[in-house]
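Chains A and F are the protein sequences, given in the same order.
The first sequence begins at 88 in the working numbering and counts up by one.
The second sequence begins at 2 in the working numbering and counts up by one.
The set of hints was computed from the structure by calculation and includes no laboratory data.
Keep in mind that the hints are not guaranteed to be accurate.
[To be verified] Label pairs and their in silico Cβ distance ranges:
{"hint": "1", "chain 1": "A", "residue 1": "149", "chain 2": "F", "residue 2": "124", "range": "40 to 50 angstroms"}
{"hint": "2", "chain 1": "A", "residue 1": "513", "chain 2": "F", "residue 2": "59", "range": "29 to 39 angstroms"}
{"hint": "3", "chain 1": "A", "residue 1": "162", "chain 2": "F", "residue 2": "146", "range": "50 to 60 angstroms"}
{"hint": "4", "chain 1": "F", "residue 1": "254", "chain 2": "A", "residue 2": "458", "range": "31 to 41 angstroms"}
{"hint": "5", "chain 1": "A", "residue 1": "627", "chain 2": "F", "residue 2": "146", "range": "26 to 36 angstroms"}
{"hint": "6", "chain 1": "F", "residue 1": "218", "chain 2": "A", "residue 2": "543", "range": "36 to 46 angstroms"}
{"hint": "7", "chain 1": "F", "residue 1": "3", "chain 2": "A", "residue 2": "333", "range": "54 to 64 angstroms"}
{"hint": "8", "chain 1": "F", "residue 1": "246", "chain 2": "A", "residue 2": "443", "range": "22 to 32 angstroms"}
{"hint": "9", "chain 1": "A", "residue 1": "634", "chain 2": "F", "residue 2": "218", "range": "47 to 57 angstroms"}
{"hint": "10", "chain 1": "F", "residue 1": "252", "chain 2": "A", "residue 2": "454", "range": "54 to 64 angstroms"}
{"hint": "11", "chain 1": "A", "residue 1": "532", "chain 2": "F", "residue 2": "30", "range": "40 to 50 angstroms"}
{"hint": "12", "chain 1": "A", "residue 1": "615", "chain 2": "F", "residue 2": "114", "range": "22 to 32 angstroms"}
{"hint": "13", "chain 1": "A", "residue 1": "287", "chain 2": "F", "residue 2": "124", "range": "54 to 64 angstroms"}
{"hint": "14", "chain 1": "A", "residue 1": "513", "chain 2": "F", "residue 2": "14", "range": "47 to 57 angstroms"}
Quick reminder that beta carbons are idealized off the backbone N, C-alpha and C, glycines included.
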Amino acid sequence: MSRLRATVTAGALAGCVSIFLALVGLTDRFADLYFVGDQASFGRLMLVIAPFTVGAILAKPRVEGGEIRERTAGAAIGIGALAGAVAGLLLGAFAVFVSAFGVERINAVFVNVTPSMLEFITFGQPVVVGALILVAASTVAGAVGLGYRLLPVAVRKPVGSAVITVLVLGFLQRIVPITLDQLDLERNWLYSRSTGGLTWFGAGVVAAGAAGLSIFKQRKGADIRRRLSSRGTDDAGMNPLRAILLLIVFVILLAVPYVTGKVISEVLGTVLVFALLGLGLNIVVGYAGLLDLGYVFFFAVGAYATALLTGATLNTFTGSSPPALSADLNFYLAIPIVMLIAAGAGVLIGAPVLRLRGDYLALVTLGLGEMITVLIASPWLVPVVGGPNGMRGVSDASMFGFGFRDPQHFYYLALAFVLFAMFVSWRLAASRIGRAWTAMREDEQIAEAMGVSTTRFKLLAFAIGGAIGSLGGALFAVKIGSLTPASFNVFVSIQVLGIVILGGLGSLPGVVVGAAVLVGLPGLLREFEEYRLLFYGAALVLVMLLRPEGLIPNIRRSRELHEEDAAQDKWAGELAGDEHAAVGVSPEGESAG
Amino acid sequence: MTTVLEVEGVRKSFGGLAALDGLDFRVEEGEIVSVIGPNGAGKSTVFNVITGLYAPDGGDIRYFGESIVGLRPNQIAKVGIARTFQNVKLFPNMTVLENAMVGQHCRSKAGVFGSVIRSGKVKAEERRIRERAQRALSFFGSRLAGYRQDQAAFALSYANRRRLEMARALSTEPRIMLLDEPTAGMNPRETIELRDHIVRMRDELGLTLIVIEHDMRVVKGVSDRVVACDYGRKIAEGTYDEVASDAKVIEAYLGRQHGEDG
Numbered sequence: 088m089s090r091l092r093a094t095v096t097a098g099a100l101a102g103c104v105s106i107f108l109a110l111v112g113l114t115d116r117f118a119d120l121y122f123v124g125d126q127a128s129f130g131r132l133m134l135v136i137a138p139f140t141v142g143a144i145l146a147k148p149r150v151e152g153g154e155i156r157e158r159t160a161g162a163a164i165g166i167g168a169l170a171g172a173v174a175g176l177l178l179g180a181f182a183v184f185v186s187a188f189g190v191e192r193i194n195a196v197f198v199n200v201t202p203s204m205l206e207f208i209t210f211g212q213p214v215v216v217g218a219l220i221l222v223a224a225s226t227v228a229g230a231v232g233l234g235y236r237l238l239p240v241a242v243r244k245p246v247g248s249a250v251i252t253v254l255v256l257g258f259l260q261r262i263v264p265i266t267l268d269q270l271d272l273e274r275n276w277l278y279s280r281s282t283g284g285l286t287w288f289g290a291g292v293v294a295a296g297a298a299g300l301s302i303f304k305q306r307k308g309a310d311i312r313r314r315l316s317s318r319g320t321d322d323a324g325m326n327p328l329r330a331i332l333l334l335i336v337f338v339i340l341l342a343v344p345y346v347t348g349k350v351i352s353e354v355l356g357t358v359l360v361f362a363l364l365g366l367g368l369n370i371v372v373g374y375a376g377l378l379d380l381g382y383v384f385f386f387a388v389g390a391y392a393t394a395l396l397t398g399a400t401l402n403t404f405t406g407s408s409p410p411a412l413s414a415d416l417n418f419y420l421a422i423p424i425v426m427l428i429a430a431g432a433g434v435l436i437g438a439p440v441l442r443l444r445g446d447y448l449a450l451v452t453l454g455l456g457e458m459i460t461v462l463i464a465s466p467w468l469v470p471v472v473g474g475p476n477g478m479r480g481v482s483d484a485s486m487f488g489f490g491f492r493d494p495q496h497f498y499y500l501a502l503a504f505v506l507f508a509m510f511v512s513w514r515l516a517a518s519r520i521g522r523a524w525t526a527m528r529e530d531e532q533i534a535e536a537m538g539v540s541t542t543r544f545k546l547l548a549f550a551i552g553g554a555i556g557s558l559g560g561a562l563f564a565v566k567i568g569s570l571t572p573a574s575f576n577v578f579v580s581i582q583v584l585g586i587v588i589l590g591g592l593g594s595l596p597g598v599v600v601g602a603a604v605l606v607g608l609p610g611l612l613r614e615f616e617e618y619r620l621l622f623y624g625a626a627l628v629l630v631m632l633l634r635p636e637g638l639i640p641n642i643r644r645s646r647e648l649h650e651e652d653a654a655q656d657k658w659a660g661e662l663a664g665d666e667h668a669a670v671g672v673s674p675e676g677e678s679a680g
Numbered sequence: 002m003t004t005v006l007e008v009e010g011v012r013k014s015f016g017g018l019a020a021l022d023g024l025d026f027r028v029e030e031g032e033i034v035s036v037i038g039p040n041g042a043g044k045s046t047v048f049n050v051i052t053g054l055y056a057p058d059g060g061d062i063r064y065f066g067e068s069i070v071g072l073r074p075n076q077i078a079k080v081g082i083a084r085t086f087q088n089v090k091l092f093p094n095m096t097v098l099e100n101a102m103v104g105q106h107c108r109s110k111a112g113v114f115g116s117v118i119r120s121g122k123v124k125a126e127e128r129r130i131r132e133r134a135q136r137a138l139s140f141f142g143s144r145l146a147g148y149r150q151d152q153a154a155f156a157l158s159y160a161n162r163r164r165l166e167m168a169r170a171l172s173t174e175p176r177i178m179l180l181d182e183p184t185a186g187m188n189p190r191e192t193i194e195l196r197d198h199i200v201r202m203r204d205e206l207g208l209t210l211i212v213i214e215h216d217m218r219v220v221k222g223v224s225d226r227v228v229a230c231d232y233g234r235k236i237a238e239g240t241y242d243e244v245a246s247d248a249k250v251i252e253a254y255l256g257r258q259h260g261e262d263g
């Protein structure tokens, strides 16, 4: 009985998700984004993704009274189908309701409910027929979702990776073809000119390739990984295979802007600016454990200091005028000064909040971040930073006449800065300073009792984190060429914190991946632009639920979050008893302890 | 003999409740002094005041004749006073070796630029930190050696956590070590082993020790001198036998009325 109820509840939940997707307009928005052929669009996918997911979740073996209950495949698939049917009924009922109540009346509240949306979710049929089709499709999706999980791993992995690859390539239909064109490669076999999505032939080839790779990985993956990691952890003996891999990655990184073209280079430039900000914040939050919600402060300081030092002028109604304070330095001379200013600002920010911890620190830094946005827009500072009108004419960081404002050039400057920041972070993390930060993050009082000056190391974290963040600001100023206060708001702080958390606190590759996901994806996919916040929220909630240590976790952080598991394993190990000690796992009979 | 630590008339109260009420005692170099007393006698408070976690309300604490009142805990660690805590406090997610290496923090000085460019000097210092931390761990034999050095501290058994806490304190290269109930929660075998460790810290490492301890067999086994406190005051001082037979001490532990609680 409870099983039936759980199934129906799950199905109802899926139905609500489907209705939500339709109400916020995602379904309709993706109606014409085909991933393969001229029927399979992402809009259609939105209709069945929820029942499919719920089916897959219901496939988990049920534990009842401490025992795992096995189901027969038929019964299990029946459950998936039932959940799907419930979801479909809800969505169908929604369609009928919209049609009966009148689209225009609902449209007054839910602007995304339009006749075209109704037509889309009812497959262009009369509404009742459309609703029935929805139920049928949903039922099948639920059953397939569950059936998929019942496949043996050896089959499931290749199938899954084939489907996901097709979906991803279909999703990137504006990017991959451009890249192929840039490389003078034939694209017509893969992408259809009429629908934009993959051709059936292309999808087949890609799916087969992905499945093949997945099978290869299953067979040989462990072996390759072992070869890559052996002796690779210590920088004393560089693994040759690893060195070659690094070299390849480096060459690819250098080739990217000219392979992908201007549009994508532009987005990548933004990603790198945010990666730089993330690297700076990672020192403050990830290493030293100081929650800073006002990181935009350093972004603004870096941008405006760069502008002032490289001879930018104030925007006025009549044209432009020189600021009250300014210098006309070469960009590369200005950068060290900008970093020093930001480090000093970091100490200034850090000093009053030294005694605060956790939530209190977060609140105060949030306030300090707001202050900078008010300050740069205030009439009081108009003669210095231009107030609401901002500044223009920031240096383009020319080096021997080679300017960096062009997106394809800017990419290299940003890449160099990001690599520099990663190098600094990596060296610091592995030093006495990194150790002091970690100790402070784990237990401030004990760290101090063991000889770590927490005052000094907190200020140091703010100073270094601020200096790296200011590089992000400097790059931003170079990229845009002009500054207005509108670019510096609390959303920047949140975005950067999201990047650090999503990637994994304390993890350098994590920051870059986080920036790519949170800044790059919405930038590349125009469909996403207005759903950016929805996407952020969903991404963060999913990460927190499924992978709280972030996408690419720092090893110590992941320990922190799985401490309980480890303690349990240990407990279980102790229960397993003395055999453990007897076979010599612990050399001197730890079971005494 | 030089006096390492002098606690003179130290007072500390929390919201009107006097935890320390004019406590006096002194510790000579190379001594092992036990501090005993019933719960709430102010034993841990005196450690917290000595190591700078609490500021005393009055009185003075002198280390080799110089007052250390008002120094920050990290400065006190640097002058050579190390401690452990009653309820073990490690950096749980750092490895065993890293925990001990944190102890070396106050004996090293690599800065930001040196660490980033990893100069020869910094590399040599880092090597030295590692060696000294390992030496501190090796004080406990093979308990904290080998594969365990790379384990997270939280994965250690309870007894090993206590040992690691002591190793971390040793790693700060102290002249005086304050141990707060080192045998609490340990089984008899481990307690005996730890008693030997305490004596070895003095004999082999030349440390002076103050030990807060409840297990009277340990107190008897290690102490050159015993200081008994109650209500934040010293009520008796002397050898174990003297203190154990002192009427005030018996009263403090057993209460005034005989026959109530054994």
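Hint by hint, here is what the structure shows:
no.: 1; hint: A:149 <-> F:124: 40 to 50 angstroms; result: violated (57 angstroms)
no.: 2; hint: A:513 <-> F:59: 29 to 39 angstroms; result: violated (49 angstroms)
no.: 3; hint: A:162 <-> F:146: 50 to 60 angstroms; result: holds (55 angstroms)
no.: 4; hint: F:254 <-> A:458: 31 to 41 angstroms; result: violated (59 angstroms)
no.: 5; hint: A:627 <-> F:146: 26 to 36 angstroms; result: violated (43 angstroms)
no.: 6; hint: F:218 <-> A:543: 36 to 46 angstroms; result: holds (44 angstroms)
no.: 7; hint: F:3 <-> A:333: 54 to 64 angstroms; result: holds (58 angstroms)
no.: 8; hint: F:246 <-> A:443: 22 to 32 angstroms; result: violated (52 angstroms)
no.: 9; hint: A:634 <-> F:218: 47 to 57 angstroms; result: holds (51 angstroms)
no.: 10; hint: F:252 <-> A:454: 54 to 64 angstroms; result: holds (57 angstroms)
no.: 11; hint: A:532 <-> F:30: 40 to 50 angstroms; result: violated (29 angstroms)
no.: 12; hint: A:615 <-> F:114: 22 to 32 angstroms; result: violated (42 angstroms)
no.: 13; hint: A:287 <-> F:124: 54 to 64 angstroms; result: holds (60 angstroms)
no.: 14; hint: A:513 <-> F:14: 47 to 57 angstroms; result: holds (49 angstroms)
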